[in-house]
Structure formats: C-alpha cells, structure tokens
Amino acid sequence: MCASRLHFFLALLLCKIAFFSITVTAESTVSIRTTDFAPGPDALFNIAGKAEMAVYRAFREKYPNIRPEGNSLSLKLEGPAGEAPLLMSIAGRTAPDVIHVNTRQSGSYIGRNFLLPLDEYINSEQTAAEAKELGEYDDNTMYRDELEERVRPQIWDAVSRVDSEGKRHFYFLPFSYFVRVMAYNKTVFQEAGLDPDKDYPKTWDELAAVAQQIQNPREDRYGIILGKEGGAGWTSLPFFFSMGSKIVEREEGTGKWVARFNDAGAVQAADFYSRLVDAPWTDEDGKQRYGVGMSSGEAWSIWDRGRIGMSLLYINDILINADDHISSMSPGELGLVPVPFAPSGQSITELHVRGLGVCATTEDPEKIAASWKFLRFVGSPAAERVIVQTYVENGYASFINPEKLVQHGYSEYAATVPAQWKHTLKFALENSLPEPYGENCQVYIERASKPLQSAFSEGVPRITDDGTRLARLQELYDTAVKEINEKMLGQIPEDEMVFRRKVASAVMLLVAVSFVLMFTYIWRLFSGSEGEVKRGFFGWIKKYWLAYVLLAPALASIFVFNYYPLAVGARMAFLDYNVIGESTFVGVDNFAAVLFDSVFWVSVLRTAEYVFWSLLLVFLPPIILALCLSELPRASVLFRVLYYLPALVSGLIVMLMWKMFFDPSEAGALNQVLAILDFGPQKWLQDKSQAMVSIIIPLAWAGMGPGCLIYLAALKTVPEDLYEASAIDGAGFLGRIWHITLPTIRPLVMIQLIFVLIGAFQSADNVLVMTAGGPDHATHVIGLEIFYDAYVYLRFGVAIAIAWILGFFLIGLTMFQMKRISRMTFTTAKS
Amino acid sequence: MSGVTLKQLKKTYNPGTKDAFYAVKGIDLEIRDKEFMVLVGPSGCGKSTTLRMIAGLEEASSGDLCIGDRRVNDVLPKNRGVAMVFQNYALYPHMTVADNMAFGLKLRKTPKAEIQQRVEQAADTLGLSSMLNRKPKALSGGQRQRVALGRAIVRKPDVFLFDEPLSNLDAKMRVQMRAEISKLHASLNATMIYVTHDQTEAMTMGDRICVMKDGEIMQVDEPINIYRNPTNMFTAGFIGLPQMNFLHGSVMEADGGYYFVNQATGVDRIEFTARLGEIARAHLGKPLVLGVRPEHFSACEADDPWAIHARVEVGEPLGAESFIHLSTANGDKLVVRLVGIVQSNIGQSLSVKPNLDEVHLFDAESGLRLEAPHVLA
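Protein sequences appear in the order of chains R and C.
Residues 1 to 831 (this note's numbering) make up the first sequence, in order.
Residues 832 to 1208 (this note's numbering) make up the second sequence, in order.
With a Cα cut of at most 25 Å, we get these calculated BS3-like pairs of lysine-lysine:
{"id": "1", "chain 1": "C", "residue 1": "LYS966", "chain 2": "R", "residue 2": "LYS819"}
{"id": "2", "chain 1": "R", "residue 1": "LYS422", "chain 2": "R", "residue 2": "LYS50"}
{"id": "3", "chain 1": "R", "residue 1": "LYS716", "chain 2": "C", "residue 2": "LYS966"}
{"id": "4", "chain 1": "C", "residue 1": "LYS968", "chain 2": "R", "residue 2": "LYS716"}
{"id": "5", "chain 1": "R", "residue 1": "LYS716", "chain 2": "C", "residue 2": "LYS909"}
Since the hints were made in silico from the structure, they are not lab data.
Kindly produce the complete structure, drawing on both the sequences and the hints.
If you want it as structure tokens, here you go:
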C-alpha cells in the first residue's frame, strides 16, 4: 500500500474517533457496573428480581444519564469460595464500580481498602435541616437524619470506621435487612399433637421438648433443621447472641479485634445447640435416639415436603416471607416467632445486612459520582416504595411489613398481615446484632463451626455428665478461639511470635538454599558440552546470533509470564500484601503463619491423599490399559479411539459433567447405576470418605486415553525379538511384562510418574470446581489452601509463602525429572 | 535323542483369503541328533519361518514337528528344550551380561550357585569373563552376539537354533564367529539348526545343508555333495561362489560323437565325453543347460575343439586367482576362475574350455540335473 493511501486511512480513522467522542460527550451518559439492581447474568427471575428491576427502572427514570449495568462475574464457586470471584476481579482491577458488601465481609473490605470512603457524600454531623439553616445544604449529600433512617443503630459501627483522629468514615450503605427468626410448620405441630398457636417454644427448654415431641424418624418427621458441618457456626449464632456472648469484639484501647466465643455464655450456647443435634434420648417405643433435629444435606428438601417442625431462617424487613422455603406457605401453615429466650432471659438474633459500596478500583470521578447516586437511591424510601408497590401489585400485600405498607400508602392491607409475623419482625429487628464484622470475619462462620464439628465427631453431646461435657466443650472452644485469634485476627503473644519467627526463618533458609542448589544443578545439567571450542564473545555472537534471535520471543514470554511473577511473588511473601494501597513489610511472619496453621498441615495431609489416589487411578491405569491394548490381536484402533474420546471433552466440562453424575440423590446418574446393582445411593462428593476419590475419578476417566496412547507408542519401540527371546527363556505373560516391557518403557514411566506427581501436588482447579475443599476439609489440598488464602482470606503474602513451601516439596521431584529429561533421546517408533 | 523331525510341515499366513501366503509348503526334514544342520536359501524361501516353527515362535499350520520323540506342535517355546540366537542379538538392554545369561535359568528356578557356575563357565568359554557386569550397550557387536550365544549355552538346551546370527557383524568378525560356533558345536555336542542366506557359512559350518526355495526343500545333503552333485539348477546356482555358469543350448549328434551346441548360432560346438554323451543321447534336440563352475574352466587356444570364444567384460585379479567375466557371441555371460594373476583387457578375445569331467547337464524346463538320481537324502 502506498504511503499517501495509508495517510488517508489514518486521517479517516482519526475523524471517526473524533466524531464518536463528540457524540458521547454530547449525551454524557455514564455507565457503571454493579453487582445488584441491574439487568445482567446475576439478575434474579423471581419476585425479588422483579422488584430489583423495578428499582432499576425507577433509577433510570430519575437519572437518565446514568446507566447501571449488570455484573459480568458469572463464575460461580462452592461454599466459602463463592466470594472469591469478586475479590479476584478486584485484584485484577476488573471489579464492578458498585459492589455488594455484607457485614461479615466489611471488616476485610475496609481493612484492605477495597471500598472508597464516602466522606464526600455523607455528613453524619449535621441534619439536612441544620445544613439548610447554615446555607450549606447540598442535595447530593446524605445528612444525619437520612443516614439514621437508612442505617440501623446496630450496624452503625459496621458500615463506618473511626480513624485515629476520631473522624468517622462511611464505606457502604445497606439496602436491605434480614433477621433470623424461628419458622415453624403448623401442620407438623398439629400432627405431633401440639397446638400451633400456643405450643410453639418460647424458651430453650421448650424448644428442646417440642423438637423432641415432633422428632419421629419412623414417621419421617423431624424436630428442627440444624447445621452439623461447616454451617453449624452460622445456625447456632442466635443462641450465642442470646447468651450474651460477644463472639468477636474490638478490644478497648488497642482497637484490635479479638474472638470471645469461648466465654461462659458461649459454651452454654454451644452445649445447648450440640445437644439439640446429638443428645441421647429414648422414644415412646423405647428406642434409643440421638438429637431432635435433621442435619443432613437434604434437610431443606424435607422441610419443603412439610416434614420438619421448625427451622431458623431469615425474614426480610419488607417482604417478610421472602425466603424460598417459606414463600409458598400460607399464614395458616407457617408460624414465625422470635428465637426462643435463653436462660439469660434474652432472645437476640442475627441481623443480616445487604449493602452496596463503591469499589476503590473505580477512579473516574464521574463514575464515582454516578455510583454514589446509585447506591443512595437503591436503599432510599423512593426505591422502597417501588419495591413495596411491585410486591403489592403481584399479590404479596399480606406478607409485607405493615409499617412499610403504611409508609408507602397501602394502609388498607396492613391489617391483613398476620399479627404474629408482624410482631416477630418488629421484635427481631430490635433485638438483633450483626454478624461479626472485624478483619477477616468473612471466614468466621467456617472457623466457628470447627469446635462444634469436633464435638460431634467426638460424641461430646452424648456425654451425660454436665460437668465433663461442658469442660470438654470449653477446651474445644478455647482452642478454636486461640486459633481464630491467631489466624484471622493476628493475635499472637509476643514470645510465641519470636519462637515462630525463628522456626520460620530456618525453614525459609532451607527453602532458599534448596532452590539455589536446584538451579545450579539444572544449570550444570543442561550446560553445553566441554568439548566446545573456545571462541571470543563476538565469535560466539557471530556464529549463533540467528539462534538467539529466534529464541528471543520464547525467552521473553517465559520471562514475562513465569520469572517476572516469580520474582514479584518472592517479594510478596514478605509483605502483608494489599491489592489496593500500601503493603507493609512483615518479615518472615507469613511463613510463621503458615507453619503454625493447622489447616495448612491438614492440607498437606490431604495433598498426600490426593497424590496417592492420583497414582492409583491416574498414573497406573493407562499403563495397564496400554499393555492390554497392545496385546489385542485386532480392533485395537477401535479401542484406542474409544478410550481417547473422553480426552476431547475440555477439562472444566469433564468436571461439571461428573459433578452431575455424582448427584447424591437417588436420581443421580451414578446412584442409578448403583441401584441397578442393588446398592444404596452414595453421597459421593458430599461424603468425607468418598469425596477425594470422587474428585480423582473424572481425571482418571479423561486421562486414560491420552496417557495410554503415550505408552502404546513406547510399547511399539520394544523390539519384537526381545519378547521372543524371553518366551524361549521361559517367561510367561506376566514375566514378559515384568522383565521386558516395563524395564524397556521405564524411562517414560518415570517421566509420566513425575508429571502426575507434580500435577497432583499442584492441583487446585478441579478440586475447586468439584468440592471447593469440602466436606469439612476432606479435599482441602495445598493448591486450594493457596487459592483460599489469596482470594478468600486476602492473605496474598501467606498464599505466596505456601507456594514457596510447596515448591520446596517439589524440588526433589523436579531435579529427578530434569535429570531424566537431560539424558533422554527422542526417536520415532519403529513400525 | 534330540533330533528334530519335520513331517509335512506347513505354514500359511492368512489362510483362505486372497492374501493367503504359503511360507512353508509342507516340508519333510529329519535333523539327526547332534547334527549341525544349516537351512540356507534366498530371502523369503521359508528358512526362518521353519526355524521359528521349531522354536515355537510361529505356530505350524499343519504337519508334525517332533523334537526327539516328542511331538511339540502344541508345546510352549519354553518347554521345547530349545535355545535361540537372534540376528539382532535380542539382549535385554536393562540387564547386565551376567543377568542376560542367567535370565532363563532364573525363570526356571535354578539354584543360584548353579546359575553362577554355569554363567561363569559360559563366559569363560566365550571370553566374556571380564564384561559380566556390563550392560549390552557397552559391548561391540561381536561381544553382544557372544553374550547371546552364552545365554543359549547356559540353558543346556537339546537344540540350538540360530537365526542368521552373523548377519549384523562385519566381515572379519563373521569369519571369527563362524569358527567359534563350529568349535562350540564340537564341544557341546548338541543339535544345532542354523539359518543363513550366506552359502559360505552353510558350506563351512554345516554337517548337512538344507537348501530351500519358495517354501520347499530343494536338496538336503552334505556340503561337498551339494557342491559336487546339485540335484537341480537352483542348488547348483546357489551353492558355489561365484555361481555356476549356465550355457543354454542343445545336444546334437555328429561324426559318431555328441556335441553341445549353442541354440542361437551353433558356433561353439563342444564335443562331449563318453559320460556326457551317455546322458545326452536320451535328450537329443531338447533344450538343455550346461552348468560349469567358474573353477572348471581353463584358458585354451582359439582352435581348441572344446574352446568357447568370448570377450572380456571385466577382469578381477585377486592374486591367487583371477575371475574373468566374459560374454559369448550369443549373449551368454560367463565367469571363469583362472589360477594366478591373469591380465586381461576389456574387449579382448579369450577362449576358454570347460573341464568336461566336472560339468553338469540340466533339463532346461524342469531345471533338474540329468543323470543324477533325483532322490532326497
């Protein structure tokens, strides 16, 4: 193309760009991305979603120049990892401008500078009237009166932080409140001979008695839904609150967060809860039973079938029965009462807040301003009115908080709302506390479940002697609190820390030395032969320049994508790394945190388990299959193709497909196969003892073909006359394989072994997709621990430290592999 | 007691299909106990297949295969009491020399001490004692083949089978190993069956030679008998180096004697001796082939009555003897061996005459030697 023509095109292009920028400026529409209240992949398609869309439309009407867009994060992960995609997007600077925040996340989000302080827009000192009087009123500012209306007093501390100068900064605003109450199925009560309007439990003792009266597994009837595994900490929270346990509180003076859920009240709550789950009792028929609840994975589907008496669940401060498990129950069927009063005389439940904040990665002032307008609007009375209107128009009027009905002009319906529901909502909102919201409290639930899980597995609730039982519980909770203070809240005594730092320094030194040794070893292994003629530097360049030029792109890409991150990572291992804002240097503390973390050591154990199963199911079968296929006199190509086909399915699809096969219900594909063979349904991924194997099976299934193909190629290189010689020498089928085939393909077997081993040590993605480490850490491998530390606990430094330690484990394997590869010669197979 | 007997032994690949290939077409052969039998023939003649059937590596399609008194058609290779030496040595690359040799004994659960003793003895015999701990990779071709021999020896088999064991060795090593194998045969006193396409090996090593072609046996006899009295043109041509010259023509009677006349021109008339005349009389006028080994020619005057006139194409003086490649007027090619250094120029005329006591007459159609009784040994 000639130069003038090129110029012409460039000019045309510039004109077009200019034209578009002019049109954009003329309209000046600001797009913001948000996790809630916008059409997008995460938009709901139920009545709540409908209400959200109505709010969205109202916002667009009010601010036509601001266009909120849905969140593009459509990756869904299991369990605690569910919060990871958002954190990953923040780390990758692709997060939405307006992000969803709840109380338990708020501490970490604020501590990690993920949320923009809303100082510019919130004035908590003045009311609007005061500002108007002083002539300082700004329509875009939220004054104290509006703030107080929006933020309930219990969460004032959660949404804001006071800095060292005593100034309060707000970081997010709630748009919706939920409180946990006790729901009960009146039909079940009647069936159990209870009067649903009178006999619902008001105290703990009554709760235990009523649940016991209902509990009758023979008639497929159960007392109450209780979490037994990772959810136990969450289910039991209201009992702890009611006993006055502080759970996690900010220490006077230091301002540091300290776990307190081992105080006397807490242990009593834990005792009551665990005895609900597993205390021994004898039923009418004299049969020994344990617990008055239902805690299996199907509990909620049994509730939906109407076979469970009670459950603790959230009701909403606008649409009371918003929860899916009660939304279809009529007031005649569903009772809603406050959580029973504790021996302390209190009934305090959990307040769950959904809020929005502006993500700190948003830098464009226009977007920040637009984001503020958005998050101010969606929780405002105007938005609430739209929501109430949507619900009313859709026939939900009788289930709406009567106060809101009156407030937004639907007083005529207020009387139709069941009085019991109304009182319960009001009582619960007034007698509730938010979830813990200190730094790292997003993992509180999981951690607080551990002492309960231990208690269940030890059978503590079955101990009849109160003193012994409480003492053991106290021990378990003391340990858990110590651990949580160390790992989550960073509370470790100084002398203990000194010791840990010493150990960590030694380990780090070991890691560093072994890495240096390995690199020198590999360097020597692959260095050129000694016979090379010595020539000057320029002579060298002259001879090999083309080779270096050709190598350059590959070298550059390896450097940029492997070694540069490695170097940066090495530095991060010594920082308390923040994605946004300054990171502080912490020396070897990250290594110390890892080495003295029991979860890390659990993950090491799990990794060993994973490696074992990988060897058994991923490494060995292809060898055996290849040996069998190579023996086939005919149709071997057909079988090879058959076994190879699964490899054509991409990795993630394989995982998701098998996850469906592993459906633990009787309708699950594998369970149906088992049913044909007269076996009962298995829980697969949800069973602690089966989960690990179940994760490996898909890998074995998909890896069989390709693995086998490599060996088949190698088997072709075994000279036929070796087999003949051995046949004459007296070797049978097995002898031949053992003495001839295996030794001949041994180098390949070793290489494959190392590949499988290293792959197994590093695996995380498939585990994340299948179980996310659960149930109860049964599949929590090291790779996953790294992932969790980085993207769930936001401890990037710790994650990197684990990665280095993992690297240390793999050094030996890598050296061996390098040595093998350096000795290998590659030839084509003889036909 | 361990002769090998083949009765109507057949091997057919892909029987009953259009790709059916008859590798061995029903051969009868009796290999005596302690005999050194050489199976020789060109590529594809079925000699290796026959050997592999004896070893049990190939299943016979039909016929009987007996080792000693035992029919072994359905016996596993390891139970046939045979040991085999392969062309490519077939040493187990991951085992040391000693382990290679001991492998068969180990599988047979032979006591350790005995294994060691046998291996050492074999190594001693074969000059391998110093390399017992080496891997095959570290050995030369000749050494490897010796290990292969050792592996066979330690087993003390009834029958040794050799499948072209010297083909991969260089010429010098071949000569040396040839002698060693012969020596082994003498000392071990075992039955050996040796497959080769090299007639020198066949001639020098075999007690008897079995010449094969296209899956059939052409002739079985002692080497010298095969050389002297080949029963057909194939054997005549295959055994002997350079190979026998064949002159195509017919016999005519004139002047009371019999003459061999070249068919095309009738120029060269060779008067037969009484012995040949006797044979020739019965085949007057029929197309015949006169077979003369190169060494049974001598140079003569152009007017000699038995002279064949030809032109020199190539001369190969080797010192003790010279091979002269000639072309006759009717296009027959001859190779003659003359004693001593014979200088010859390309294109030069040369007259040679056959030693009529040593020539053979063959039927041009059947290829069978005339006069000689066509009986298999």
